[in-house]
Every structure is written in C-alpha cells, then in structure tokens.
Amino acid sequence: MQQDIRPLLAVDIIEQLHRQFALLSGGRGEDGAPIITFPEYSGFSEVPEEDFLNVVTYLTSIPSLDAASIGFIIIIDRRKDKWSSVKASLSRIAVSMVMFFQRAFPGNLQLVLVLRPSRLLQRAMADIGLKLHKDDFKMKVIVMLNSLSDLHSYVDKSQLTRDFGGILEYSHSQWIHHRTAIENFALTVKSTAQMLQRFGAQLAETELPNDVQGTKDLLTVHTDKHNNLKDELKLALRQGNTLFTSHELLFCANSEDDDVCFRLLAQLDETENAFEQFWCKHHLKLEQCLQLRHFEQDFREVKVCLDSLLDGLNSLSDTGDCVARVEHLLKELKALEKKGQPTVEKAQLHASHGDQLIQSNHYAVDSIRPKCVELRRVCDDFSNEAKKKFDVLSKSLCLYLLHTSLCLPYMSCCSGIYLLASQAVDKCQSQEGAESALTDIEHFLDSAEKNQLTELRNLHNQFEVVLSEDIKGGVLKALKRLEDVQEMFEKRSVSLKRLSAKQTRPIQPVAPRPESSPKRPSQKTPPRTTGISFFLFLFHSAFQGYFAELNNSELSHLIPPTLENKKDVLFGNLPEIYEFHNKTFLVELENCAEKPELVGICFLKRKEELQVYEKYCQNKPRSEVVWRQCGDSFFFQECQKKLDHKLSLDAYLLKPVQRITKYQLMLKEMLKCSKGEGMVELEEALATMLDIIKSVNDSMHQIAITGFEGNLSELGKLLMQGSFNVWTDHKKVHSKVKDLARFKPMQRHLFLYDRMLLFCKKREETTEGHEKTPTYSFKHSLKMSSVGITENVKGDSKKFEVWYNGREEVYIIQAPSMDVKNMWVSEIRKVLTGQLEACRGTCIHLDLRICLCRQLLFFLSGCTGPWALGPHMAPSSLCSSSLFLSMLIITIKTFCLFPVQIHAHLSNN
1 MQQDIRPLLA VDIIEQLHRQ FALLSGGRGE DGAPIITFPE YSGFSEVPEE
51 DFLNVVTYLT SIPSLDAASI GFIIIIDRRK DKWSSVKASL SRIAVSMVMF
101 FQRAFPGNLQ LVLVLRPSRL LQRAMADIGL KLHKDDFKMK VIVMLNSLSD
151 LHSYVDKSQL TRDFGGILEY SHSQWIHHRT AIENFALTVK STAQMLQRFG
201 AQLAETELPN DVQGTKDLLT VHTDKHNNLK DELKLALRQG NTLFTSHELL
251 FCANSEDDDV CFRLLAQLDE TENAFEQFWC KHHLKLEQCL QLRHFEQDFR
301 EVKVCLDSLL DGLNSLSDTG DCVARVEHLL KELKALEKKG QPTVEKAQLH
351 ASHGDQLIQS NHYAVDSIRP KCVELRRVCD DFSNEAKKKF DVLSKSLCLY
401 LLHTSLCLPY MSCCSGIYLL ASQAVDKCQS QEGAESALTD IEHFLDSAEK
451 NQLTELRNLH NQFEVVLSED IKGGVLKALK RLEDVQEMFE KRSVSLKRLS
501 AKQTRPIQPV APRPESSPKR PSQKTPPRTT GISFFLFLFH SAFQGYFAEL
551 NNSELSHLIP PTLENKKDVL FGNLPEIYEF HNKTFLVELE NCAEKPELVG
601 ICFLKRKEEL QVYEKYCQNK PRSEVVWRQC GDSFFFQECQ KKLDHKLSLD
651 AYLLKPVQRI TKYQLMLKEM LKCSKGEGMV ELEEALATML DIIKSVNDSM
701 HQIAITGFEG NLSELGKLLM QGSFNVWTDH KKVHSKVKDL ARFKPMQRHL
751 FLYDRMLLFC KKREETTEGH EKTPTYSFKH SLKMSSVGIT ENVKGDSKKF
801 EVWYNGREEV YIIQAPSMDV KNMWVSEIRK VLTGQLEACR GTCIHLDLRI
851 CLCRQLLFFL SGCTGPWALG PHMAPSSLCS SSLFLSMLII TIKTFCLFPV
901 QIHAHLSNN
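Per the UniProt record's numbering, numbering of the sequence shown is gapless, rising by one per residue and ending at 909.
Warning: the hint list may mix true and false statements.
Derived lysine-lysine pairs resembling DSS-like cross-links, with alpha carbons at most 25 Å apart [stated by the list, open to error]:
{"#": "1", "residue 1": "642", "residue 2": "662"}
{"#": "2", "residue 1": "339", "residue 2": "303"}
{"#": "3", "residue 1": "607", "residue 2": "620"}
{"#": "4", "residue 1": "620", "residue 2": "646"}
{"#": "5", "residue 1": "620", "residue 2": "662"}
{"#": "6", "residue 1": "595", "residue 2": "675"}
{"#": "7", "residue 1": "798", "residue 2": "783"}
{"#": "8", "residue 1": "662", "residue 2": "672"}
{"#": "9", "residue 1": "694", "residue 2": "672"}
{"#": "10", "residue 1": "694", "residue 2": "567"}
{"#": "11", "residue 1": "830", "residue 2": "783"}
{"#": "12", "residue 1": "607", "residue 2": "583"}
{"#": "13", "residue 1": "744", "residue 2": "779"}
{"#": "14", "residue 1": "620", "residue 2": "567"}
{"#": "15", "residue 1": "615", "residue 2": "567"}
{"#": "16", "residue 1": "607", "residue 2": "694"}
What the hints contain is simulated information worked out from the structure, not anything from laboratory work.
Please model the complete structure; the sequences and the hints are all you need to start from.
And the structure:
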C-alpha cells in the first residue's frame with residue numbers, strides 16, 4: 001500500500017538545509033518551471049540518503065501545484081570535480097529524483113543541466129562516460145554544458161544566481177530564516193482559526209441564564225474572551241504584515257513566498273471577518289437577553305405591587321351602615337388610589353418599555369408581548385374597580401343624605417298649612433290685609449327655596465334605580481305632599497293678588513306706526529352643481545392609422561416580414577378595449593357629470609367588462625417582442641409621418657396599461673371631495689379597481705412561470721404572489737455540523753392558488769438594450785388540502801411556517817415586512833377555513849339525506865325502532881296531511897339521487 005510523504009517543515013531539516021548541497025533560489029525557466037540547484041559540495045557523496053531525500057522533498061513542495069505540474073529544471077554544478085564525482089552525483093540524484101517524482105509528481109522532471117568539469121581530461125571523460133552510462137541515469141533529458149554561456153542559452157541570467165553568472169540575489173541563510181518565519185506564521189494562523197472556531201462553538205452551545213446577574217457575568221466573560229482573541233488576531237496580522245514587508249525587501253524575485261504570505265494574510269482576514277460577524281450577532285443576543293432579564297425582573301416587582309393594590313382594593317368594602325362610615329370608606333379609597341398612582345404609572349412605563357423592545361426586533365417578542373398585555377390589564381382592572389367602588393359609595397352617600405333629609409318636606413308642609421290656616425279671611429278682604437298675607441306667603445316660599453326643598457325631585461330622579469322600596473315610597477309620599485301644598489299656595493296667591501289690585505283708569509297705549517321700509521326682492525341663487533369631466537384616452541386615430549394601413553396595398557412592400565400573421569399579437573385586444581369605452585363606459589360616465597355620486601355605481605356595474613385590461617396586459621410582453629423586431633421598419637415610420645404623431649406606436653400601445661392604474665387614482669380623489677351620498681359605492685368601486693390591478697399584476701407574474709408540468713388554470717384563482725426567504729426542515733434530513741456561519745436561506749417566489757402553493761425561483765433574463773424580464777422557474781408545490789400553517793415563529797416576527805403532511809415537510813417563510821406576512825397568513829387561513837367549511841357542509845348534507853332515507857325505509861316496511869316514526873306520525877294520521885306528503889316527496893327525491901351509496905350505508909348499519 002502506497003504511503004503519503006509526510007509534510008516537512010524547515011525546522012525539521014534545519015541542519016540538512018544549512019549544508020547547502022541543494023537549494024531553491026526562486027529562479028524559473030522560460031515556461032515557468034522551478035529551478036533546483038545542486039551547487040559544488042565536496043561532501044555530497046557523504047550525505048545520508050534520508051537527508052538527501054528529505055531536502056529534495058521539502059524543496060519540491062515549496063512551489064505551487066501549477067508551477068510543479070510544468071516540471072522541474074535541475075542544475076548540477078560539477079565544474080571543479082572529476083568525472084567519477086559527476087557520475088556518482090548523477091546516479092544518486094537520478095535514483096533519488098526518480099523515487100521522489102514517481103511517488104509525488106510522476107513525469108515532472110523536465111530537464112537536467114550539468115556543468116561538466118572544466119579540466120580538459122575530465123571533460124573528455126565526462127563526454128565518453130555520459131554516452132556509455134546514459135541509460136543508467138534513468139533521466140529523460142541530460143544536457144552537458146561546457147560553460148556558463150551555454151547555461152545562459154537555457155536559463156535567462158535574471159533567473160540565475162551570481163554563482164552562475166546571473167543577477168538573481170540570493171542568500172541561503174536568509175532564505176532559511178524567512179522560510180522558518182513563514183511556516184511559524186502558518187502555524188499561528190491555523191491555531192488562531194482553531195481557537196476562534198472552538199470559541200464560536202462554545203458561544204453557540206452556551207445556554208442563556210435566567211437571571212440578571214448571571215447574564216451580566218456571562219456577557220462580561222464572553223466579552224473578555226472576545227477581546228483577548230481580538231488582541232491575538234491583531235498580533236497575528238501584525239506578524240504577517242511584518243513578514244510580508246520584510247520578504248518584499250529581501251526576496252523580491254521569489255514570488256512563491258509572496259503568494260504564501262498573501263494567502264495566509266487573506267485567510268486570517270477572512271477568519272477575522274467571519275468571527276466578528278458571528279460575535280456581533282451573539283453580543284446583540286446577549287444584550288437583548290440582559291434587557292429581557294431586566295424587563296422580567298421589573299415585571300415581577302411591578303406585578304407584586306399591583307396585585308397588592310388589587311387585594312387592598314378588593315378588601316375595601318363598598319357598603320356602609322351610616323353616612324360617617326361611607327365617608328370614611330371614600331376617604332380610604334382616595335388614599336389607596338393616591339398610594340397606587342406611582343405603581344400604576346411605573347407599570348404603564350414598563351409596558352411602554354416592552355413595546356420599545358418589541359419594535360426593536362427583540363428575539364423574545366413572544367415572551368415580552370403577553371407581559372405588556374398583562375400589565376395594562378391589571379392597571380385597567382385597578383382603575384375600573386376603583387371607579388366602580390367610588391360610584392357605589394358616592395351613590396350610597398347620596399341615598400343616606402336623601403333619607404336623612406326626608407323629614408324636611410314634612411316640616412315645611414306642616415308649617416305651610418299652619419300659615420294658610422292662620423290667615424283670617426276677613427282681614428284679607430281689604431287691600432292692606434291682602435298685601436300683608438301675600439307678603440307672608442312670599443317669605444315662606446323664599447325660605448322653602450333656601451332649604452332646597454325643590455331638589456328632592458331631582459334627587460329622586462337621579463337615584464331612582466338604586467332606591468329601596470321603603471325609601472322610594474317615602475320620597476314619593478313627600479313629593480305628593482309638596483305638590484299638594486304648592487297647589488294650595490298658588491291658589492291662595494292668585495286670590496290675594498286679585499284682592500290687592502287697585503282700580504285705576506286704564507291708559508290706552510298708542511303704538512307708533514312703524515316706518516315702512518322698501519321691500520327688497522329676495523334673490524335666490526340656485527345651487528351650483530360642479531361637473532365632473534373624465535379624460536378617456538381613445539386613440540382611435542393612432543389605432544386606425546396603423547392597424548388599417550396593414551391592409552393598404554400601397555404600403556405592403558414596406559411591411560416587415562416579421563410582422564406577418566402577428567398583427568393580433570402586436571395590438572392584442574385593443575379593438576375590444578376601444579369598443580367598450582367608446583360605446584359603453586364613456587357614455588355612462590358622461591351621464592354622471594350632473595350626478596357624480598353615481599360614478600361608483602357605474603364602475604361596479606362594469607366590473608366584469610373592465611377585466612379586458614387583464615387580457616391586454618398578459619399579451620403585452622409578446623407585443624413588446626414583436627415591436628422590438630419590427631419597430632424600426634419604414635412602414636411604421638411612414639404611418640407615424642402620415643398621422644403627424646410625435647410619439648411612435650409603442651407609446652400608444654402602453655396607454656391601456658397606464659389607464660388601468662389611473663382609474664383608482666381618480667376614485668381616490670373623488671372620495672376626498674365626496675361626503676354623504678355615494679361614498680359607499682365609491683369605496684366599493686375603489687376596492688374593485690385595486691383588485692383588478694392586483695389581478696392584472698398577478699397574472700403578469702403567472703405567465704412567467706416555467707417548468708410547471710400541470711395546468712395552472714386547474715389550480716383555481718391566483719390569490720397572492722411575492723418573493724420570500726425560505727428555509728426547509730424535513731423529518732428525513734438530519735442536522736449536520738454546528739459552525740460559525742448560519743445556513744443561507746433560499747430565495748423563492750411563492751404563488752398561492754385555491755388548490756396549491758407553488759415555490760419558484762426568480763430569474764431575470766436580459767435582452768440586449770432592454771430591461772430585465774423576470775421568469776419564475778418552478779421548483780416545488782404543495783396541495784392546499786394537506787397544508788397547515790403556524791402563524792408565529794420564535795425569533796423573528798416576520799416568519800411563519802407552512803407544513804405539509806403532518807409536519808413531514810416544514811417550510812419556514814420570512815416575509816419582507818409584517819404587513820406582507822399578515823396578508824399572506826390571513827389569505828392562507830381563509831383558504832384552509834373554506835376547505836373545512838366545504839367539507840363540513842358536504843358531510844352534514846349527506847348525513848341528512850341518509851337520515852331521511854332511513855325514515856322512508858322504516859316507514860314503508862312498518863318497522864319500529866329508533867328510526868321509526870312516532871305514533872303521532874303514523875300513516876293513518878298523516879295520509880291526508882300535506883306535511884306528510886311533502887316529507888315523503890323530499891325523502892323519495894333524496895333517495896333517488898343517491899340510491900347506491902345510501903342503500904349501501906343502510907345495509908351496513
């Protein structure tokens with residue numbers, strides 16, 4: 001079994017490298033092949049085989065794979081040696097290199113250049129020996145060179161060191177030092193990345209504490225670790241930059257080390273960025289966790305105070321047995337409200353703080369929102385209960401005061417009767433006596449007003465609902481007594497006033513004759529009726545100027561071939577739109593000029609006819625393709641010249657698309673100016689036009705769906721469409737490895753139909769010189785009959801789940817906004833609810849028919865039992881009854897509609 005060569009580092013073979021019997025100066029051949037040099041070394045034959053193989057393995061591992069795949073060039077300098085030394089070197093190098101390259105890079109030894117001995121005898125022996133022993137060296141190409149000039153013909157001087165007459169700067173000791181530094185930096189990068197990964201895994205697996213102090217401690221510990229790792233990262237980056245700069249100054253010709261330094265720095269920078277992104281998310285979550293723990297702690301404290309206030313309020317009685325007790329309870333209630341006011345304000349402020357956390361996209365929205373609701377509920381309960389007790393106690397106090405003051409009317413009535421009885425009739429016959437008696441009565445009535453006797457009726461009317469029967473009877477009795485006494489005083493006052501009146505000669509008043517002023521004719525300004533004018537684009541001239549000219553024989557030679565048999569594609573159903581507006585819609589709108597409140601009815605009446613725009617818009621992409629193919633032809637230029645139009649035909653073909661959007665703007669403006677009559681119809685018309693626009697927009701997206709093998713028309717009405725982030729979670733798929741990065745969501749465009757939900761991938765195709773045209777590649781579908789929905793997903797308020805077949809497939813969908821999510825969730829809920837109601841209706845209807853058929857079978861067979869007719873429904877008593885005949889006819893019809901299914905059901909039961 002073949003073994004892999006163990007990766008070597010410079011520090012592992014530092015002594016062998018210092019011997020300098022082989023080196024990699026950084027020079028390259030003309031094709032980029034790396035050059036390995038074997039300089040003159042007197043102890044070359046004494047180098048152990050393992051040391052030699054380690055050095056060659058290390059040197060050949062330094063160049064990149066691309067450079068090594070070109071092949072290596074070997075330069076052997078034996079100018080001062082003998083042929084025997086040359087032969088021994090070639091044999092050893094050949095055996096070692098062949099062993100290495102067969103194991104690591106088969107066939108990658110490109111060329112061997114040997115500088116032969118400089119003495120004449122040794123050179124001759126080298127030529128003869130090479131010819132005799134060439135096959136023994138097992139090398140493809142061996143070139144014997146006589147001088148450095150011969151070497152320069154194979155390798156450029158810029159790629160050779162000064163020992164070979166080149167200009168390449170090379171210091172072997174500095175090279176070893178720098179290689180050691182690079183490899184140390186590589187180990188530092190690797191250990192740093194592993195350390196960051198371990199720390200990231202630790203952060204991901206850390207459970208968040210449930211208390212404030214624990215969360216603070218965890219945040220401090222993680223922050224300190226992050227800062228320490230950040231310092232180590234900065235130190236490693238500084239080390240790498242220093243190494244890169246020093247290498248540029250010392251070895252500017254060796255690009256291999258430059259690439260290694262650059263790759264290590266890029267890897268370190270990428271690791272730092274990934275770690276910082278993960279840390280930012282983790283740090284944000286820790287801060288939000290700390291906010292949540294503070295919120296929960298404050299919630300518990302405020303909740304305890306509120307509960308204590310409620311307990312104190314509930315323990316406070318709302319009834320008292322006397323006025324003093326009720327007043328004392330009212331005083332205690334006000335003191336409790338004053339005491340609880342800071343707590344209530346604190347609770348409301350805390351609930352507002354929770355709302356701020358929710359608005360800041362806190363991860364624990366599902367935990368915060370119920371607590372805010374609970375705080376507001378308890379505050380409302382406290383306020384309502386306090387108000388309720390205050391109202392009850394206030395009424396109780398008024399009732400006690402009313403009951404206490406009932407004696408005043410009796411005393412007043414007795415005093416009034418005594419006054420009337422004490423006035424002598426004979427004294428009242430004179431004018432003076434009558435005036436004196438009248439004065440006494442007026443004084444008494446003034447005192448009665450002063451004692452507020454007249455307020456008894458108001459108190460009775462105000463508290464009639466809460467009055468007991470005894471108090472109510474006493475109040476009514478007192479009111480009746482007051483009315484009787486008041487009537488007696490009124491009659492006595494009238495008599496006394498008549499007696500006290502003096503008989504004086506009447507003065508005839510003469511009224512001055514009023515000056516007659518000239519009558520000005522009244523001018524009645526008739527109400528002005530504001531007319532509503534509608535601008536309808538009816539481009540008849542443009543349509544006829546192009547469409548009719550296609551049949552003109554004089555211009556037939558100008559008609560482009562690409563337009564042949566595509567006239568209907570270019571113009572779509574434009575004639576249908578024109579006829580609808582010209583003969584129907586425009587006429588009806590003009591009739592509404594004097595009665596603008598009828599405009600909404602006009603739109604509602606023509607709701608179905610306005611669907612012609614949807615057909616036109618669906619054809620518009622095909623029309624644009626035709627126009628791009630032939631729009632520059634002389635035919636259309638000639639037609640435009642004849643019509644004297646500034647705009648070309650494509651501008652008029654765009655008008656219907658613009659018109660359908662202007663209707664809803666016009667209706668909105670009318671709603672702003674309308675009041676009262678016609679507003680409901682205008683609002684319904686606006687909703688209708690918005691639905692038509694949405695339907696047109698959805699249909700434009702629907703026609704761009706590709707790859708769906710079924711028939712889209714069989715899926716029902718297209719309800720919604722839009723782009724979302726989608727994650728999948730299936731039971732059959734297991735989670736893999738936790739890592740720093742989160743898995744990336746899929747970008748999907750969803751189409752919701754009555755019967756199916758389609759998942760598509762949006763693609764944009766760019767045609768030359770035109771806008772991008774989106775298409776939707778079909779990926780997956782879900783039948784709505786097997787779909788369920790989870791409206792809220794923990795961690796993100798904009799996410800919701802759609803699951804399939806009992807959560808065998810779960811799709812987590814993230815909407816771009818909360819409004820979009822709510823609309824989709826509401827629409828999916830409507831679809832599922834409609835399916836459920838349809839299923840229930842079918843089952844109930846079938847059960848009813850089965851019940852009726854059972855009654856018929858048992859009735860005809862004369863059976864008795866739980867399904868048999870009762871004695872009051874016997875045939876003898878119902879034979880002449882229309883009720884029985886009606887029931888019998890309905891039952892027979894029902895049985896005839898479903899004979900097989902129902903009979904089978906009855907047979908089984």
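Structure-based check of all given hints:
no.	hint	in the structure
1	642 / 662	violated (30 Å)
2	339 / 303	holds (15 Å)
3	607 / 620	holds (22 Å)
4	620 / 646	holds (22 Å)
5	620 / 662	holds (18 Å)
6	595 / 675	holds (13 Å)
7	798 / 783	holds (23 Å)
8	662 / 672	holds (16 Å)
9	694 / 672	holds (23 Å)
10	694 / 567	violated (28 Å)
11	830 / 783	holds (15 Å)
12	607 / 583	holds (16 Å)
13	744 / 779	holds (17 Å)
14	620 / 567	holds (13 Å)
15	615 / 567	holds (16 Å)
16	607 / 694	holds (14 Å)
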